[in-house]
Amino acid sequence: MVQADISQLSRECNTWRDALRAFRDEFTQCKQKLQQLAGRPLSKDDLTEVEHYHNQFHIQLINIHDLKQSIKNHDRKVNYETGVHNGQLNEETLADHENLYDQYQSLEHRLFDLREEFRNFLERAQ
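Under this note's numbering, the first residue of the sequence shown is numbered 36, with each subsequent residue one higher.
Take these hints with a grain of salt, some might be off.
[Unchecked claim] Here are the simulated SDA-like pairs of lysine to any residue, each with C-alpha atoms no more than 25 Å apart in a straight line:
no.: 1; residue 1: Lys79; residue 2: Asn90
no.: 2; residue 1: Lys66; residue 2: Ile94
no.: 3; residue 1: Lys107; residue 2: Arg154
no.: 4; residue 1: Lys66; residue 2: Leu102
no.: 5; residue 1: Lys107; residue 2: Leu142
no.: 6; residue 1: Lys68; residue 2: Asp131
no.: 7; residue 1: Lys107; residue 2: Glu127
no.: 8; residue 1: Lys79; residue 2: Glu152
no.: 9; residue 1: Lys66; residue 2: Glu47
no.: 10; residue 1: Lys68; residue 2: Asn49
no.: 11; residue 1: Lys68; residue 2: Glu47
no.: 12; residue 1: Lys107; residue 2: Glu152
no.: 13; residue 1: Lys66; residue 2: Leu82
no.: 14; residue 1: Lys68; residue 2: His100
no.: 15; residue 1: Lys79; residue 2: Arg56
no.: 16; residue 1: Lys79; residue 2: Gln67
no.: 17; residue 1: Lys107; residue 2: Gly118
no.: 18; residue 1: Lys112; residue 2: Ala54
no.: 19; residue 1: Lys68; residue 2: Gln95
no.: 20; residue 1: Lys68; residue 2: Lys79
no.: 21; residue 1: Lys66; residue 2: Thr128
no.: 22; residue 1: Lys107; residue 2: Gln161
no.: 23; residue 1: Lys79; residue 2: Thr128
no.: 24; residue 1: Lys112; residue 2: Glu47
no.: 25; residue 1: Lys107; residue 2: Ile97
no.: 26; residue 1: Lys107; residue 2: Thr128
no.: 27; residue 1: Lys68; residue 2: Gln43
no.: 28; residue 1: Lys107; residue 2: Asp131
no.: 29; residue 1: Lys68; residue 2: Thr83
Note that these hints are calculated values from the structure, not bench results.
Use the sequences and the hints to build the structure in full.
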């Protein structure tokens, strides 16, 4: 068992989940923009890119959902363990927190890249 700043861990979980919700909303709007664009006459190359972004948004929205759920379950586990073990956490739970942070950073990086690529595509296609 290890002593950890439980309020800090919970704040981090909440911050990650809030950011993921914002990404979810943003990429849902991107999907709508893409659908509007797909309704116009486009070149074959542009249609290929529309399909690519449609697939990417679908995949990344699933990734956002899955990571958000993992973080939510982890936060519940942290609160449960600290209640049962007098403010102590299992080392495995603390390691899980670090792993979730790594997953969050990796996904965030992919989402930033996708956002930028899509913005560039919209500028070219319009």
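Now for the hints, and whether the structure bears them out:
1. At roughly 17 Å between alpha-carbon atoms, Lys79 and Asn90 fall within 25 Å of each other, so this suggested pair holds.
2. Straight-line distance between C-alpha atoms of Lys66 and Ile94 comes to about 12 Å, which keeps the hinted pair within the 25 Å bound.
3. A threshold of 25 Å between alpha carbons decides the hint, and for Lys107 with Arg154 the separation of about 31 Å lies outside it, so the pair is violated.
4. For the hint pairing Lys66 with Leu102, the CA-to-CA distance comes to about 20 Å; that is within 25 Å, so the pair holds.
5. A threshold of 25 Å between alpha carbons decides the hint, and for Lys107 with Leu142 the separation of about 16 Å falls inside it, so the pair holds.
6. Taking the CA atoms of Lys68 and Asp131, the gap is near 37 Å; set against the 25 Å cutoff, the hint is violated.
7. Distance check on the hinted pair: Lys107 and Glu127 sit about 17 Å apart at the alpha-carbon level, within 25 Å; holds.
8. Of the pairs offered as hints, the one joining Lys79 and Glu152 holds, with about 18 Å between alpha carbons and a cut-off of 25 Å not exceeded.
9. Using a Cα cut-off of 25 Å, the hinted pair Lys66 and Glu47 is violated, with the two alpha carbons roughly 28 Å apart.
10. Pair hint Lys68 plus Asn49 does not hold up; C-alpha atoms about 29 Å apart against a cutoff of 25 Å.
11. Restraint check for Lys68 and Glu47: not satisfied, since their Cα atoms lie roughly 32 Å apart, outside the 25 Å limit.
12. Simply put, Lys107 and Glu152 have alpha-carbon atoms about 30 Å apart, too far for the 25 Å limit, and the pair is violated.
13. At most 25 Å may separate the alpha-carbon atoms for a hinted pair to count; Lys66 and Leu82 meet this at roughly 14 Å.
14. At most 25 Å may separate the alpha-carbon atoms for a hinted pair to count; Lys68 and His100 meet this at roughly 21 Å.
15. Distance hint between Lys79 and Arg56 is unfulfilled; the C-alpha atoms sit about 33 Å from each other, more than 25 Å.
16. The straight-line distance between the Cα atoms of Lys79 and Gln67 is roughly 20 Å, inside the 25 Å bound, and the hint therefore holds.
17. Taking the CA atoms of Lys107 and Gly118, the gap is near 17 Å; set against the 25 Å cutoff, the hint holds.
18. In summary, the hint linking Lys112 to Ala54 is supported, as the alpha carbons are separated by about 21 Å, within the 25 Å threshold.
19. As the CA atoms of Lys68 and Gln95 are separated by approximately 16 Å, the hinted pair is consistent with the 25 Å bound.
20. Simply put, Lys68 and Lys79 have alpha-carbon atoms about 18 Å apart, close enough for the 25 Å limit, and the pair holds.
21. Distance check on the hinted pair: Lys66 and Thr128 sit about 36 Å apart at the alpha-carbon level, beyond 25 Å; violated.
22. The suggested pairing of Lys107 with Gln161 is violated, with an alpha-carbon distance near 39 Å, which exceeds 25 Å.
23. At most 25 Å may separate the alpha-carbon atoms for a hinted pair to count; Lys79 and Thr128 exceed this at roughly 50 Å.
24. With a C-alpha separation of about 14 Å, the suggested pair Lys112 and Glu47 falls inside the 25 Å cut-off, and the hint holds.
25. Proposed proximity of Lys107 and Ile97 is supported: the alpha carbons are some 15 Å apart, at most 25 Å.
26. Proximity of Lys107 to Thr128 is assessed by CA-CA distance (about 13 Å); at most 25 Å being required, the pair is judged to hold.
27. Proposed proximity of Lys68 and Gln43 is contradicted: the alpha carbons are some 37 Å apart, above 25 Å.
28. With a C-alpha separation of about 12 Å, the suggested pairing of Lys107 with Asp131 holds against the 25 Å cut-off.
29. Of the supplied pair hints, the one linking Lys68 and Thr83 holds, its CA atoms being roughly 16 Å apart against a limit of 25 Å.
Comparing the model with each earlier hint shows violations of hints 3, 6, 9, 10, 11, 12, 15, 21, 22, 23, 27; every other hint is respected.
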